[in-house]
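Residue numbers (full-length UniProt numbering), protein chains in the order written: chain G, 1 to 314; chain B, 1 to 349.
What the hints contain is simulated information worked out from the structure, not anything from laboratory work.
Note that the structure is predicted; figures quoted are calculated from it, not measured.
Please note that a few of the clues may not be correct.
Think about it this way: if two alpha-carbon atoms lie no more than 27 Å apart in a straight line, the pair counts; the simulated DSS-like pairs of lysine-lysine are [stated by the list, open to error]: (1) B:K159 to G:K15; (2) G:K243 to B:K335; (3) B:K198 to B:K255; (4) G:K83 to B:K90; (5) B:K335 to G:K173; (6) B:K90 to G:K10; (7) B:K164 to G:K49; (8) B:K164 to G:K236; (9) G:K10 to B:K109; (10) B:K337 to G:K8; (11) B:K198 to G:K15; (12) B:K164 to G:K10; (13) G:K15 to B:K171; (14) B:K84 to G:K228; (15) B:K255 to G:K8; (16) B:K159 to G:K24; (17) G:K10 to B:K108; (18) B:K255 to G:K15; (19) B:K156 to G:K236; (20) B:K159 to G:K243; (21) G:K79 to B:K155; (22) B:K109 to G:K249; (23) B:K134 to G:K249; (24) G:K10 to B:K255; (25) G:K83 to B:K88; (26) G:K10 to B:K158; (27) G:K79 to B:K84; (28) B:K108 to G:K15; (29) B:K158 to G:K8; (30) G:K15 to B:K335; (31) B:K159 to G:K10; (32) G:K8 to B:K335; (33) B:K158 to G:K24; (34) B:K155 to G:K10; (35) B:K335 to G:K236; (36) G:K8 to B:K322; (37) G:K24 to B:K198; (38) B:K164 to G:K243; (39) G:K249 to B:K164.
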Amino acid sequence: MASNSVIKPKTQAGKRALARREEKVIENTKSCLLIRGGNTSEAIGSCLKDLYSLKKPHALMLKRRNPILPFEEISFVEKMSRKYDCSLFAFASHSKKRPNNLVLGRLFNYQLLDMIEFGVEGYQPLCTFPVAKVPVGTKPCLSFQGEEFDSDPTLMAIKNLLLDMFQGPRVEKIRLQGLEQLIQFSYCDGQILVRSYRILLKSSGSKIPRVELSEMGPRFGLRLRRHKLATPEQSKQARRQPKVATIKKIKNIVPDDGLGNRLGRVHVGRQELDKLQTRKVKALKRPREDFNAADGKKIKKRRLSDNKKRKNKE
Amino acid sequence: HAMSVLATSVPPTFDLGLLLINNPNPLDPASTRGPELEPYLAAVARENAQSLLSEIWQRLPAERVEDAVVAPLPPPSTPLPREKPPPKPKPPSRWEEFARLKSIRRNKKEQAVWDEATGEWRPRWGYGRADPSKEWLLEVPASADPNEDQFGRLKKEKKERVAKNELQRLKNISRNMRLGGTLPALSAGGGGATSSSKELKRALVVAKRSDASVGQFSAKVGGEKVGHLQGRRRHFLPNTGSLTAERGIQEQVLKELAARRTDPLNTERAVNRLQQQREQSGDAANAVNGRRRPQKKKTAGKVSTEGGKSRRQNARDSKSRKYKKAAASGRANQKMKSLMKSKTLGKRK
Numbered sequence: 001m002a003s004n005s006v007i008k009p010k011t012q013a014g015k016r017a018l019a020r021r022e023e024k025v026i027e028n029t030k031s032c033l034l035i036r037g038g039n040t041s042e043a044i045g046s047c048l049k050d051l052y053s054l055k056k057p058h059a060l061m062l063k064r065r066n067p068i069l070p071f072e073e074i075s076f077v078e079k080m081s082r083k084y085d086c087s088l089f090a091f092a093s094h095s096k097k098r099p100n101n102l103v104l105g106r107l108f109n110y111q112l113l114d115m116i117e118f119g120v121e122g123y124q125p126l127c128t129f130p131v132a133k134v135p136v137g138t139k140p141c142l143s144f145q146g147e148e149f150d151s152d153p154t155l156m157a158i159k160n161l162l163l164d165m166f167q168g169p170r171v172e173k174i175r176l177q178g179l180e181q182l183i184q185f186s187y188c189d190g191q192i193l194v195r196s197y198r199i200l201l202k203s204s205g206s207k208i209p210r211v212e213l214s215e216m217g218p219r220f221g222l223r224l225r226r227h228k229l230a231t232p233e234q235s236k237q238a239r240r241q242p243k244v245a246t247i248k249k250i251k252n253i254v255p256d257d258g259l260g261n262r263l264g265r266v267h268v269g270r271q272e273l274d275k276l277q278t279r280k281v282k283a284l285k286r287p288r289e290d291f292n293a294a295d296g297k298k299i300k301k302r303r304l305s306d307n308k309k310r311k312n313k314e
Numbered sequence: 001h002a003m004s005v006l007a008t009s010v011p012p013t014f015d016l017g018l019l020l021i022n023n024p025n026p027l028d029p030a031s032t033r034g035p036e037l038e039p040y041l042a043a044v045a046r047e048n049a050q051s052l053l054s055e056i057w058q059r060l061p062a063e064r065v066e067d068a069v070v071a072p073l074p075p076p077s078t079p080l081p082r083e084k085p086p087p088k089p090k091p092p093s094r095w096e097e098f099a100r101l102k103s104i105r106r107n108k109k110e111q112a113v114w115d116e117a118t119g120e121w122r123p124r125w126g127y128g129r130a131d132p133s134k135e136w137l138l139e140v141p142a143s144a145d146p147n148e149d150q151f152g153r154l155k156k157e158k159k160e161r162v163a164k165n166e167l168q169r170l171k172n173i174s175r176n177m178r179l180g181g182t183l184p185a186l187s188a189g190g191g192g193a194t195s196s197s198k199e200l201k202r203a204l205v206v207a208k209r210s211d212a213s214v215g216q217f218s219a220k221v222g223g224e225k226v227g228h229l230q231g232r233r234r235h236f237l238p239n240t241g242s243l244t245a246e247r248g249i250q251e252q253v254l255k256e257l258a259a260r261r262t263d264p265l266n267t268e269r270a271v272n273r274l275q276q277q278r279e280q281s282g283d284a285a286n287a288v289n290g291r292r293r294p295q296k297k298k299t300a301g302k303v304s305t306e307g308g309k310s311r312r313q314n315a316r317d318s319k320s321r322k323y324k325k326a327a328a329s330g331r332a333n334q335k336m337k338s339l340m341k342s343k344t345l346g347k348r349k
């Protein structure tokens, strides 16, 4: 909570910014940080820009070149993630040894969770496809083709990362006409082929429409290079969900018996009827010594006013 | 031909919360080569999309919201990691505790307040409120000093109230931290990962036992419980103590040394003697060859004719050289072994 911080925010905008960054039960959509390395080729630079277009508005492209090596020193990425509040990152670079290099990764609590390095092959930019693009912020349909995505542990981790990267905003309800994009990941000969299509719903005989696709771009293949995956403990910690307050069913109580009455059974326990207290009687409050055992008469309670009466008498 | 991918083999699984279809069938290798790749992939994608949309249309109940047909999405079944850890429950502040005990409930205040001075409704806060600090006229109360600055008094009181409130807020935060909460966020970008006390203790233990003496001589940190030193390598017996034990150990050392001398065939001596004989009886060439020359390992087995020596003689010489070398290395080995096995006052574990 903003009020829980030592330094209180002075403006409403500051207060809102802090509130956005704090830990929540239901989190914000993960933002992606796009970083250009020391050297980029035209292809990989364009690929990064297309990735930015796909991930808008939950993406941030850093303007400057950052000659860093994520697999050797990840602290820069962690620092930037903390600064801009982004949990995903994409790092593009180009060198002779690693041409058209793309590192996709994610962070948990601003610390590296896992990252995977790909070589981008057969890239065709978004602009080369003449099909109209989907509106910004569309939730895409995702398709994974290939048995390896369910069997090979590395590919399972890659699938999880790609899901996280491309799932789009989390929504409770989706407009059925708004299912406009399909991103297909197919495993073929050591490469993950990524294709993005525009969905066109045509009327068919039945209630379910007929699907037609037109390739929207971008088009590329990802060849796995290096990877740094999360340890089982890290992934377990990252997946820990908060206890969402659920309506606990209270035993013994019927909230509504159909007529608007709330019924329940009261368990009183064992009662000794002769020792029950029904109402308080002041007379019974007086101590027992007031009663003279001999004549059974009650001793009068002395009052200050009695002194006056006595004086008067005297 | 794309239909065969889905029709014959394993049916796809869905995760509608993520609009995901998992198709575990492999791609047809024949179709993925050459110019057929893209149309084939498009066909496969179309099949997948059709399956997914059919699933959505069938499984999810459609509702109508204004002029759009909408379906509620189920929560995703694929576990995805969170961005940040879930929030820790904040311990109640001192006022909250008090209010709970006394069952004081919050009264919702209305925005408009009747202002007597102007005779109109004023907002409680914000623009146009009746701010006491903006009063142009203040009555001097009967009990007050006539020379006292009333405006200044109000200002001072407000300052004090604000300061008190701030102090109590900070006290609450420090109380939360003491009771095991997390360090509050200092700023949007600042604050590092704070370790819990458990993690810090663990780190201390690991750091201490990472040196050769396994943390024996490291300074003890305040509040640290030093337990059994794990991984202690060398144990030394105390200098003072049982004399019989020490005597026993020394005797053992001597015994082992003496035992080594009981080897009847002293190979080293035998070889030396042989060599001397050879040198005395042999000619000049022999003497040259007989010199103990450090041999290369590669030429150990080779026989080279030097100075007109017979091959047989050379063979014998090389053998003797080998024998000498072995003897020398054997000696070295034995020396090493004896060094390693030698007893110090302490036992080696």
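Verification of the hints:
no.: 1; hint: B:K159 to G:K15; verdict: 23 Å, holds
no.: 2; hint: G:K243 to B:K335; verdict: 69 Å, violated
no.: 3; hint: B:K198 to B:K255; verdict: 53 Å, violated
no.: 4; hint: G:K83 to B:K90; verdict: 25 Å, holds
no.: 5; hint: B:K335 to G:K173; verdict: 83 Å, violated
no.: 6; hint: B:K90 to G:K10; verdict: 22 Å, holds
no.: 7; hint: B:K164 to G:K49; verdict: 53 Å, violated
no.: 8; hint: B:K164 to G:K236; verdict: 44 Å, violated
no.: 9; hint: G:K10 to B:K109; verdict: 24 Å, holds
no.: 10; hint: B:K337 to G:K8; verdict: 72 Å, violated
no.: 11; hint: B:K198 to G:K15; verdict: 32 Å, violated
no.: 12; hint: B:K164 to G:K10; verdict: 18 Å, holds
no.: 13; hint: G:K15 to B:K171; verdict: 21 Å, holds
no.: 14; hint: B:K84 to G:K228; verdict: 20 Å, holds
no.: 15; hint: B:K255 to G:K8; verdict: 80 Å, violated
no.: 16; hint: B:K159 to G:K24; verdict: 35 Å, violated
no.: 17; hint: G:K10 to B:K108; verdict: 25 Å, holds
no.: 18; hint: B:K255 to G:K15; verdict: 83 Å, violated
no.: 19; hint: B:K156 to G:K236; verdict: 55 Å, violated
no.: 20; hint: B:K159 to G:K243; verdict: 42 Å, violated
no.: 21; hint: G:K79 to B:K155; verdict: 44 Å, violated
no.: 22; hint: B:K109 to G:K249; verdict: 34 Å, violated
no.: 23; hint: B:K134 to G:K249; verdict: 55 Å, violated
no.: 24; hint: G:K10 to B:K255; verdict: 85 Å, violated
no.: 25; hint: G:K83 to B:K88; verdict: 22 Å, holds
no.: 26; hint: G:K10 to B:K158; verdict: 19 Å, holds
no.: 27; hint: G:K79 to B:K84; verdict: 15 Å, holds
no.: 28; hint: B:K108 to G:K15; verdict: 23 Å, holds
no.: 29; hint: B:K158 to G:K8; verdict: 19 Å, holds
no.: 30; hint: G:K15 to B:K335; verdict: 77 Å, violated
no.: 31; hint: B:K159 to G:K10; verdict: 17 Å, holds
no.: 32; hint: G:K8 to B:K335; verdict: 75 Å, violated
no.: 33; hint: B:K158 to G:K24; verdict: 35 Å, violated
no.: 34; hint: B:K155 to G:K10; verdict: 21 Å, holds
no.: 35; hint: B:K335 to G:K236; verdict: 55 Å, violated
no.: 36; hint: G:K8 to B:K322; verdict: 85 Å, violated
no.: 37; hint: G:K24 to B:K198; verdict: 24 Å, holds
no.: 38; hint: B:K164 to G:K243; verdict: 36 Å, violated
no.: 39; hint: G:K249 to B:K164; verdict: 44 Å, violated
Violation of the numbered hints given earlier is confined to hints 2, 3, 5, 7, 8, 10, 11, 15, 16, 18, 19, 20, 21, 22, 23, 24, 30, 32, 33, 35, 36, 38 and 39; the remaining hints are satisfied by the structure.
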